[in-house]
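Student: The chain contents come next:
Number of protein chains: 2
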Amino acid sequence: MKETREILLETRAALPALTASRERKNIALEKIADCLLKEQEEILAANRADVEAARSRYGEVMIDRLTLTKDRIAGMAQGVREVAALPDPEGRVIRRVERPNGLVIEKTSVPLGVIAIIYESRPNVTSDAAVLALKSGNAVILRGGKEAFRSNLAIVQAIRHGLEYSGLPASLVGFVEDTDHASADELMHAVGLVDLLIPRGGAGLIRRCTENAKVPCIQTGTGICHIFVDESADLDQALTIIENAKASRPSVCNAEEVLLVHKGIADTFLPRLQKHLTEERLLRSLPPVELRLDKAAAAIIPGIPAGEKDFDTEFLDYILAVAVVDDADAAIAHIARHSTGHSEAILTKNEENAKKFTALVDAAAVYVNVSTRFTDGGEFGLGCEMGISTQKLHARGPMGLEELNTYKYIVRGNGQIR
Amino acid sequence: MKETREILLETRAALPALTASRERKNIALEKIADCLLKEQEEILAANRADVEAARSRYGEVMIDRLTLTKDRIAGMAQGVREVAALPDPEGRVIRRVERPNGLVIEKTSVPLGVIAIIYESRPNVTSDAAVLALKSGNAVILRGGKEAFRSNLAIVQAIRHGLEYSGLPASLVGFVEDTDHASADELMHAVGLVDLLIPRGGAGLIRRCTENAKVPCIQTGTGICHIFVDESADLDQALTIIENAKASRPSVCNAEEVLLVHKGIADTFLPRLQKHLTEERLLRSLPPVELRLDKAAAAIIPGIPAGEKDFDTEFLDYILAVAVVDDADAAIAHIARHSTGHSEAILTKNEENAKKFTALVDAAAVYVNVSTRFTDGGEFGLGCEMGISTQKLHARGPMGLEELNTYKYIVRGNGQIR
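Protein sequences, first through last, are from chains Y and W.
Be aware that the first sequence starts at 0, since it is given in numbering that gives the first Met the number 0, and climbs by one per residue.
Be aware that the second sequence starts at 0, since it is given in numbering that gives the first Met the number 0, and climbs by one per residue.
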């Protein structure tokens with residue numbers, strides 16, 4: 000097994016070749032897509048071995064996430080070609096000034112350098128992440144989960160063959176062979192070798208990275224998303240939006256976890272909500288949503304009383320915490336106390352409250368009369384997504400290609416001194 | 000003495016009042032400038048006490064940095080008015096997209112929230128830092144050094160009176176009364192209360208912050224800046240640029256510390272350089288520059304042999320480490336090994352080498368035929384500067400008002416679901 004340290008050094012050493020050959024990036028991506036298809040039998044065989052080994056230890060959902068098919072590999076290759084077709088973020092002049100002394104200063108977007116990604120489940124993340132990093136001019140170090148090891152390795156082999164066919168070094172894509180905690184820790188501490196660490200996975204992984212990383216790290220994905228139904232909201236629309244935000248895909252980070260209802264409409268709205276999310280969903284053969292109610296809500300509709308913890312939990316399930324609040328200010332104050340800074344929505348016809356909410360709520364995405372489910376690179380028009388940042392430094396919300404770049408100032412003159 | 004924790008909570012609690020009253024920011028800044036002048040007697044008295052206490056323990060340079068005069072206070076007030084006149088970074092729509100489904104998505108610049116600044120020496124940093132934070136919409140927590148405590152407190156009082164006159168809460172500017180390590184540590188660990196920590200001071204302070212901070216932190220200021228004199232450089236111009244970069248103000252972070260000379264011109268250039276930086280400076284009654292030479296340079300001119308450490312030292316003094324390199328590639332490789340990512344320059348008439356250098360050298364500012372001394376908010380046209388970032392995440396190089404903002408996505412619709 001190759002040492003993680005050795006992989007880090009090799010990947011960094013390969014970086015200048017990519018920086019010097021920007022024009023080859025898209026050729027490389029096309030070759031990578033070709034190789035994924037050409038080597039699909041090897042990838043499928045490796046994947047069968049992973050699935051075989053996992054069958055005794057994991058449930059059906061996990062096995063499904065792990066399993067590759069010809070169609071899924073074709074989808075991966077198609078994804079690579081779509082990324083190739085996106086605009087190149089590198090080399091963009093963000094601001095150009097010509098100073099009175101004749102200096103020409105260009106603030107220019109440049110790659111971060113080496114991006115390390117620690118991820119857990121699905122093997123398609125291997126090609127997604129590698130290709131986004133390469134397209135944005137970065138080398139990448141991949142550290143996937145144990146259960147997908149063989150599949151990930153086969154995919155990385157295909158990617159490296161694609162790089163070689165285009166004349167770029169294979170070691171631009173580093174693959175960590177050790178899947179123990181030790182290798183993740185080594186990436187977190189690789190100061191000077193890793194320019195950005197992106198954890199993609201469960202809350203535990205993300206917490207471990209943000210608490211222990213000595214290298215720059217992006218906090219991704221935890222979403223305790225709120226929707227506030229204001230007194231003036233269109234209540235029919237509110238029912239549709241809430242059901243979509245909560246129940247269209249409860250396992251994702253942009254799903255709603257907490258509903259706040261203005262006290263002026265709670266008496267009429269909450270009974271309708273309960274019917275809509277429980278009985279009516281059962282009639283449509285859909286899983287009902289369990290409501291966890293604060294005291295004021297529990298005085299209006301029957302349901303499970305909410306514990307204080309329920310307003311700080313990312314359920315990722317058909318469960319919704321519900322509270323009644325006095326007004327928009329109270330809703331904003333509740334969100335300030337409990338938000339994870341991901342996505343928050345107000346449903347209202349009151350323009351003043353909408354303005355107040357978007358100004359005062361501190362989150363990556365703030366919505367007016369829209370489901371929180373739209374926080375996504377594709378839906379925001381970025382064309383792709385490396386993850387959703389819930390921090391404020393560098394990138395916030397969906398991270399596309401631009402967010403995988405930093406900038407430098409390139410200054411040209413003819414002998415200026417100060 | 001007020002607990003640091005209490006100050007953190009008060010400052011954060013004051014933030015929404017600022018967010019809700021953007022239009023009062025400039026009024027507040029004008030009032031702050033007025034109060035600095037109105038209360039100059041109190042500030043000068045406090046400063047006299049600081050200077051008195053410091054006299055036995057510090058040298059003249061330090062005493063000069065600490066001492067305030069009527070002129071210096073007038074300069075501080077003038078600085079505040081100049082910041083007030085700068086464009087407001089808040090609320091700028093960085094990108095607007097209208098999606099096919101009707102969603103209007105505005106990527107909008109917003110303040111970071113609460114910015115904490117740990118600084119060491121000059122009391123004028125107190126008003127500079129507070130005012131840049133306020134102008135960009137942030138609350139601020141100031142933690143200055145022990146030796147300037149009374150001066151800093153008097154300046155903060157004047158700032159708070161200015162805030163009160165404009166109807167904004169005085170606690171938008173928090174002042175940490177404890178000047179021990181414990182209070183700095185508390186700021187570094189104030190997760191959820193501090194959105195950005197900026198250390199302004201010596202290398203020790205900055206290292207302590209970047210290594211221990213649990214809150215987001217900007218690495219500032221360490222500059223081991225290189226100048227590479229290529230074979231084709233204008234050698235007369237090179238002498239002028241090198242003297243300026245090294246000796247115009249050796250104590251600052253954008254001063255040159257290392258000179259790399261192409262081997263093809265070393266024989267002619269190094270003797271001229273030595274004469275220019277030593278004998279000729281002595282004739283002009285200027286301090287000579289001590290040269291620390293690698294083997295190849297020492298074979299051409301006399302001087303102190305460089306230890307390996309000399310190529311990794313921020314001298315901040317009239318000392319220059321000199322090495323002879325084979326070509327531009329070797330210079331780029333040397334810089335990659337030894338750079339702190341601050342400012343690096345090539346002097347050349349060869350356009351290909353200039354392009355290669357600006358593409359491959361990984362630093363906040365990369366110069367062609369210019370002194371490194373220009374890395375500065377004012378010189379870059381930002382109008383002001385909170386510090387110079389040597390990290391790649393969020394901000395790089397001089398940090399002006401824009402760099403004290405993050406962004407959020409404000410999304411408006413009419414009932415869209417996904």
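Take the hints with a grain of salt, since some may be wrong.
[Claimed, not checked] On the chain Y side, residues computed to face chain W include the following (Cβ under 10 angstroms):
1. R23
2. I26
3. E81
4. A83
5. A84
6. P86
7. P88
8. T107
9. A181
10. T312
11. T405
12. I409
13. R411
Because the hints were derived from the structure by calculation, they are not lab data.
Idealized CB from N, CA, C, for every residue including glycine.
Student: Against each hint, give a clear statement of whether it holds in the structure.
Tutor: Quick rundown of the hints versus the structure:
1. R23: Since chain W brings no Cβ nearer than about 14 angstroms to R23 of chain Y, farther than 10 angstroms, the hint is violated.
2. I26: Since chain W brings no Cβ nearer than about 19 angstroms to I26 of chain Y, farther than 10 angstroms, the hint is violated.
3. E81: Not OK, violated: E81 of chain Y not within 10 angstroms of chain W, min 17 angstroms.
4. A83: Result: violated, 22 angstroms to nearest chain W Cβ.
5. A84: violated (18 angstroms)
6. P86: violated (13 angstroms)
7. P88: Given a least distance of 13 angstroms, the restraint on P88 of chain Y is violated.
8. T107: Cβ of T107 of chain Y sits 8 angstroms from chain W, so the hint holds.
9. A181: At 21 angstroms from the nearest chain W Cβ, A181 of chain Y fails the 10 angstroms test, so the hint is violated.
10. T312: violated (17 angstroms)
11. T405: Since the shortest Cβ distance to chain W is 4 angstroms, the answer is holds.
12. I409: holds (5 angstroms)
13. R411: With Cβ-Cβ at 5 angstroms, under 10 angstroms, it holds.
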